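Enquirer: Chain by chain, the residues run as shown.
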Amino acid sequence: EVQLVESGGGLVQPGGSLRLSCAASGFTFSTHWMSWVRQAPGKGLEWVANINQDGSEIYFVDSVKGRFTISRDNAKNSLYLQMNSLRAEDTAVYYCARVALPAARYYYINVWGKGTTVTVSS
Amino acid sequence: QSVLTEPPSASGTPGQRVTISCSGSSSNIGSNTVNWYQQLPGTAPKLLIYSNNQRPSGVPDRFSGSKSGTSASLAISGLQSEDEADYYCAAWDDSLNGYVFGAGTKVTVL
Numbered sequence: 001e002v003q004l005v006e007s008g009g010g011l012v013q014p015g016g017s018l019r020l021s022c023a024a025s026g027f028t029f030s031t032h033w034m035s036w037v038r039q040a041p042g043k044g045l046e047w048v049a050n051i052n053q054d055g056s057e058i059y060f061v062d063s064v065k066g067r068f069t070i071s072r073d074n075a076k077n078s079l080y081l082q083m084n085s086l087r088a089e090d091t092a093v094y095y096c097a098r099v100a101l102p103a104a105r106y107y108y109i110n111v112w113g114k115g116t117t118v119t120v121s122s
Numbered sequence: 123q124s125v126l127t128e129p130p131s132a133s134g135t136p137g138q139r140v141t142i143s144c145s146g147s148s149s150n151i152g153s154n155t156v157n158w159y160q161q162l163p164g165t166a167p168k169l170l171i172y173s174n175n176q177r178p179s180g181v182p183d184r185f186s187g188s189k190s191g192t193s194a195s196l197a198i199s200g201l202q203s204e205d206e207a208d209y210y211c212a213a214w215d216d217s218l219n220g221y222v223f224g225a226g227t228k229v230t231v232l
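Protein chains in written order, with this note's numbering: chain A, 1 to 122; chain B, 123 to 232.
Bound conformation, chain B alone:
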């Protein structure tokens, strides 16, 4: 099982707000920044959020990230059909000395 815990699925109708949680521990999220990746079907992952809440150039401001203690969350506001994808949280783990990912959350737009 993954070091970071995400729900396997989330869904919403167009325009709704969807939130994905990511739970870790003191050796990863508790000590280091959290990043989020979006993986559209059949494609490579894409950086969505870095350093807890920073958006790379080109990422819509509908996507936002936050972190508190050993947990983090990704929010998608104004859900759109093109947001259907798998979303992964990630952080460096000081105990494992490696970059760890959550198992991924599949977002479905109803």
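Bound conformation, chain A alone:
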């Protein structure tokens, strides 16, 4: 069974840091682009970042550029999101997601984890 399990969420003060992890199983992790998507409380979905199979291509939404980094360890079937300089507006459920087709014209996400909650508050 294809599965993505996030961890690392929690309560952090504004300006603080947090590292999210995503453990993948049930598929060949190293052959897929991966993504992080977040959802603020009561709000819609927001794509956060993409990473290609070997980590050589990375994209971020403008609101997190310079503060977040995305990485992966194919040997451990794991995806990471390092979040620094956190702000109240980063409060959200963060979903790890598998990209089915990375080409822009046909891009879509086809597998989602259950999410991990990040709360930025003093």
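Rather than coming from a laboratory, the hints here were simulated on the basis of the structure. The structure displayed is predicted, hence computed values, not measured ones. There may be inaccurate statements among the hints.
No more than 30 Å apart at the CA atoms, straight line, and that leaves these computed lysine-lysine pairs for DSS-like [to be verified]:
#1 K65(A) to K114(A)
#2 K228(B) to K43(A)
#3 K168(B) to K114(A)
Cβ pair distances, simulated, as ranges [unchecked claim]:
#4 A40(A) to L162(B): 14 to 22 Å
#5 S188(B) to A75(A): 39 to 47 Å
#6 G55(A) to S148(B): 29 to 37 Å
#7 G191(B) to P41(A): 30 to 38 Å
#8 G26(A) to G164(B): 38 to 46 Å
#9 G191(B) to L101(A): 19 to 27 Å
#10 P182(B) to I58(A): 33 to 41 Å
#11 G15(A) to G191(B): 40 to 48 Å
Even glycine gets a Cβ: it sits at the ideal position worked out from N, Cα and C.
Since the structure of chain A is already known, use the hints to place chain B on it.
Expert: Chain B in isolation, oriented as in the chain A frame:
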């Protein structure tokens, strides 16, 4: 506000047909395929439609998608109580170089 525009709500009685619209621009829907996600209350999103009108295995054929120009739509025929959920359209945006979502449409079964 979201790059893709969806109505905030839609409703229907059991058995009815409900349609949700998604409006974008030449840099997203006009250039790239549209996908739809269903999010049941308290759960993670689930892929419902990809590549404008393709259903993943296991998605009932009551759900259908279409696209024309810079707009797309999701139709739910034979509405059922378990279809009560939030529905999001999404597409890659060439100008933003990112995957953009609509704000979501809450479907209520009356």
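Enquirer: Determine for every hint whether it applies to the structure shown.
Expert: A quick look at each hint next to the structure:
| no. | hint | verdict |
| --- | --- | --- |
| 1 | K65(A) to K114(A) | holds (24 Å) |
| 2 | K228(B) to K43(A) | holds (12 Å) |
| 3 | K168(B) to K114(A) | holds (10 Å) |
| 4 | A40(A) to L162(B): 14 to 22 Å | holds (18 Å) |
| 5 | S188(B) to A75(A): 39 to 47 Å | holds (43 Å) |
| 6 | G55(A) to S148(B): 29 to 37 Å | holds (32 Å) |
| 7 | G191(B) to P41(A): 30 to 38 Å | holds (34 Å) |
| 8 | G26(A) to G164(B): 38 to 46 Å | violated (23 Å) |
| 9 | G191(B) to L101(A): 19 to 27 Å | holds (22 Å) |
| 10 | P182(B) to I58(A): 33 to 41 Å | holds (37 Å) |
| 11 | G15(A) to G191(B): 40 to 48 Å | holds (45 Å) |
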